[in-house]
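Asks: Here the structure of chain Z is known, so what remains is to put chain B in place on it, guided by the hints.
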Amino acid sequence: MSTFGKIIFWVITLFVLFIIVAPLAWIYLTAFKAPNDIFTTDVKKLVFFKFTSENFQRLFREFPFWPNFVNTIIISAASTVVVLVISALAAYSFARWNTGRGHLLFTTISTRMFPGVVAAIPFFVLYRNLGLLDTRFGLTLLHIYFNTSFATFLLYGFFKEIPEELEQAAMIDGYSRVDIFRKIVMPLVRPGLAVTAVFCLVWSWNEFLFSFLFTRVTARPVTVLISSFWGSIEVQYGPMAAGAAIVILPTLVIAWFMQRYIIRGLTFGAVKG
Amino acid sequence: MSKVEAKNVWKIYPRGNVVAVQDLTFTCNHGEFLAILGPSGGGKSSTLRMLAGLEEISRGEILFDGKVVNHLGPAERNVALAFESYALYYRLNVYENIAFPLRARGMKGKEVDEKVRFIADMLELGPYLKKLPGSLAGGIQQRISLARALVRRPNVTLLDEPLSHMDQRVRHEIRARIRHLHDELGLTTIYVTHDQAEAISLCDRLLIINEGRLQQIGTVEEVWNRPANKFVAYFIGEPTMNFIPGKVETVQQVVILTSSGKRAFSFEPHTLPEQYVGAEVTIGVRPQQIEVSREGNRTNTIPGTVKIVEFQGDRTVLTVELDDLAGSEVKAVVSAQERYVEGETVWFYFAPSIIRLFEEERLIL
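In order, the protein sequences belong to chains Z and B.
Take 1 as the starting number for the first sequence in the numbering used here and just add one per residue.
Take 1001 as the starting number for the second sequence in the numbering used here and just add one per residue.
Be aware that a few hints might be false.
Using 27 angstroms as the maximum straight-line C-alpha spacing, the simulated DSS-like pairs for lysine-lysine come out as follows [stated by the list, open to error]:
no.	chain 1	residue 1	chain 2	residue 2
1	Z	Lys-183	B	Lys-1110
2	B	Lys-1115	Z	Lys-183
3	B	Lys-1230	B	Lys-1331
4	B	Lys-1131	B	Lys-1115
5	B	Lys-1131	Z	Lys-183
6	Z	Lys-183	B	Lys-1130
7	Z	Lys-183	B	Lys-1108
8	B	Lys-1007	B	Lys-1230
Since the hints were made in silico from the structure, they are not lab data.
So that you can see chain Z by itself, here it is in the shape it has in the complex:
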């Protein structure tokens, strides 16, 4: 690469990096600022300011942050587990037996092709009648519904990668279908399962629209709480940034440690599927 090429490369890289990092930096800086420092026009104070934990204290004292945070954990963990069980079996069936000759797989995937809002009204009416509004169970179900299609699609690619002969060899060697699935197939798709789990977890963790529409108090996840700081009179940047700082921390950590698998999942499983 020429010197000019290198310069262009780094300019673009830094620009992209800035776009990604700047909001995160802003959140983490703001979370530790006093209200005066947040609204000041002094550029120097953007980075150099008096460090305070007041925002966090307010967040924990005045708002139901921890109960909402627990809701997020329960809903995303529970939905991810269920999604993995359902979609692993479904994807295996699609990949190995071509169940439904592609039509069923397409139908499954197509649930992700329309905007989620389209489903919101019928779901709302249904949920109201069933008494599922503002329940963790109800929101978990919705997350399962939306994640299953994507997870099935992703896992389908991973299952397709496993040579059929391997299963046939195991069959001849004396394994039952169930044994083959558990002991031959599952260990081979473990990286795929990990990737899928991360995607589902992150999606569910960040999900806002349905959480906002279907919960009020008891089942409210933390994303909705954070949005509530954006009031009609004022925007409470302090607690908002503090809440966001805590909520995005686990996803950042997961993304960091799983990046190798996630990239593989994006380029390999999905594309070949």
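Replies: What follows is chain B alone, placed relative to chain Z:
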């Protein structure tokens, strides 16, 4: 070790209504090495998979030692199958791969160890037992796959193109090992391949299948000398059998029409049934059996012009355009010492014993 029989076996794939195997009947005797030979997509693998129990039998019966096994799963049939792609368990080391079928059947401890070491010794896998198969060469992987297949003394050993992913040298080595194991362990082996050289060098009997239909079953000599039809005649032998259009003149003579009249070929002492006199036939002669000379205007000869001379080291293959009306191209194998040049006229002599006659597809002489 069993006798394997297939009785009127059909395989019809419901999707697209593809008939892969049609009315196939054959027997593989106890201790026999049978090769199933045919072109790709001819129904070989479907047959093998039905024998293994991996594929349902659409019609007909498969019997092991006289017992119908149609309803039994692969494990219950106690067959061994070595795959073209090896299909090893890459997360397990070589030892565990070989031990797998034993453990899957609940065998434990010392018994497993004895059996694994016995078969590993036979296939000289001792040094690799602790390694992962993914790190080993293709030839060794196929040996592991064979060891895994044979460790539990199967009723019948099925080999599905086990050599096709290997280079020439390794291929020869494994080929010899397979035959050695078959004899040593007294196995009944069915070997699927599209490579005639492989089949001929290994098997006791050949089964040739094309488009799902049995073409011929017999020893190598039978198939070579008396191919049941033109397909078999063409499929077995390298270079392939030559076909020249001709006409039956008498019950002991056939003629080839040339620009300068008929050339007669006698096949005494054999005789054809009277009904064939006057019939249009195809004369089949093997390139290896044709006698080539520079002159020889006598009976059972025909002249031609050399088109291509292929020197192959131990032999030379001539492609000659015959003087007949059809302008047939005929190949002949001559010894490497004999020098011929392109454009030269040569005479082919077809001895009476080498002449084969086909009416339509079927062998009549």
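Asks: Quick one, are Z/Lys-183 and B/Lys-1108 close enough, alpha carbons at most 27 angstroms?
Replies: Given pair Z/Lys-183, B/Lys-1108 holds - Cα atoms ~18 angstroms apart, limit 27 angstroms.
Asks: Between the alpha carbons of B/Lys-1230 and B/Lys-1331, is the straight-line distance 27 angstroms or under?
Replies: Within the cut-off at roughly 16 angstroms; holds.
Asks: For the pair supplied as a hint, B/Lys-1115 and Z/Lys-183, confirm whether the alpha-carbon distance does not exceed 27 angstroms.
Replies: holds (23 angstroms)
Asks: Compare the distance between the alpha carbons of B/Lys-1131 and Z/Lys-183 with 27 angstroms, and conclude whether the hinted pair is satisfied.
Replies: Holds. B/Lys-1131 to Z/Lys-183 sits at ~20 angstroms (cutoff 27 angstroms).
Asks: If you draw a straight line from the CA of B/Lys-1007 to the CA of B/Lys-1230, is it 27 angstroms or shorter?
Replies: Roughly 25 angstroms separates the two Cα atoms, so the pair holds.
Asks: Could you grab the alpha-carbon distance between Z/Lys-183 and B/Lys-1130 and see if it respects the 27 angstroms cut-off?
Replies: holds (21 angstroms)
Asks: Compare the distance between the alpha carbons of B/Lys-1131 and B/Lys-1115 with 27 angstroms, and conclude whether the hinted pair is satisfied.
Replies: holds (18 angstroms)
Asks: Given the proposed pairing of Z/Lys-183 with B/Lys-1110, does the C-alpha separation stay at or below 27 angstroms?
Replies: holds (23 angstroms)
No hint from the list above goes unmet by this structure.
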